[in-house]
Amino acid sequence: MKTTLFLTTALAGFAFAASANEVTVMSWGGAYGKSQIEAYHKPFTAETGVSVNSVDADNPATPIKAQVEAGNVTIDVADVEYSDAVRLCDEGLLEEFDSSMLPDGADGTPAAEDFIEGALTDCAVANIVWSTVYAYNTDSVDGAPMSMADFYDLEKYPGKRGMRKAAKANLEMALIADGVPAGEVYEMLETDEGVDKAFAKLETIKDSIVWWEAGAQPPQLLADGEVVMSTAYNGRIFNAAVGENQPFEIVWDGQILDFDLFVIPKGAPNLENAVEFIKFSTDTQRLADQAKWISYGPARKSSGALVGLYQDGKTEMASHMPTAAANLTNAIVNDFEFWADRDTELSERFNAWLAN
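Numbering (the working numbering), first residue to last: 393 to 748.
Keep in mind the hints are simulated off the structure, nothing from the lab. Note that the structure is a prediction, hence the values are computed from the model and not measured. None of the hints are false.
Straight-line C-alpha distance at most 27 Å; calculated DSSO-like pairs for lysine-lysine:
#1 K671 to K684
#2 K706 to K684
#3 K426 to K457
#4 K671 to K457
#5 K589 to K548
#6 K671 to K693
#7 K560 to K426
#8 K552 to K598
#9 K560 to K589
#10 K684 to K434
#11 K671 to K434
#12 K706 to K434
#13 K671 to K426
#14 K706 to K426
With beta-carbon atoms standing in for the labels, derived distance ranges:
#15 S600 to E505: 43 to 51 Å
#16 L701 to S446: 22 to 30 Å
#17 E547 to A412: 57 to 65 Å
#18 G484 to K548: 43 to 51 Å
#19 E509 to W745: 29 to 37 Å
#20 A744 to L701: 44 to 52 Å
#21 A438 to Q703: 12 to 20 Å
#22 G510 to G659: 23 to 31 Å
#23 A498 to L746: 45 to 53 Å
#24 V602 to G500: 43 to 51 Å
Note that beta-carbon positions come from the ideal geometry of N, C-alpha and C, so glycine has one too.
Using the sequences and the hints given, assemble the complete structure.
This is the structure:
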């Protein structure tokens, strides 16, 4: 319970030396994982002396339920998507988190006002705003795709498409490609007709899809020429294009904005260290520092002004953020409650569709 947790953690500063000198953080690996190691893990260890064990997973939310129910929790902090944070919290699998414990913004604004709307929940603290987009390899595509409809146009842009092997994001993008305005997508998906419409659109390119499951895969699929376009996490494409000089271009039309958030599994073995890690990693400076390593927007308003250059020392990061004004045309904000409520049902239908 929240009260129990923070009666304990209020004394964390005094208990710190007596607790285990480590914290285990599970995240998504790849360029994103590196950004967290550089912006959060290394500075946290330098300041506190607490070592950070970095563990990667295709989806860090997956092992939490099994570990908590088995009473064998090895994760102290996990970086999860919003709908998973809501679902796991509702199921009583996470420690509750009191946002009043978080540091004020650099300008003195209380944390509850400094984080952008939706970034704080009963059990989670957001660190970044990211998006699912699609990207193409300019060496493999003749022309310049501009819209989500172009992703589905196999005649105009022939070749394989990469897509995440999941219902989430694919259903929304399918409706946008079929002409549904971004603001009406979730209203449509609440109906059987809308879901049928999304699957019908997916069916039109089913034979040309290469499915991916880990965020590091789409840049590799594009680079290897296995696909000419792929849905992807925007930061992974940025890292490949700017950090590795790959000939990739992002199409922002129909992007789906989302949060990633830190959560603490119930029964985390290093609870005090977990709380201190989250407090440290989500302060104004640290969230701005992460943007030096990957093009995900910080979840605090006060961090925005501190976002500067990429690690190459020359690339201005602001225009590469999913929240840049020019990138928000026809964008969708992930409806977290919709997916918390409908994920199981729609995932079962998606898997059945895959098997046919």
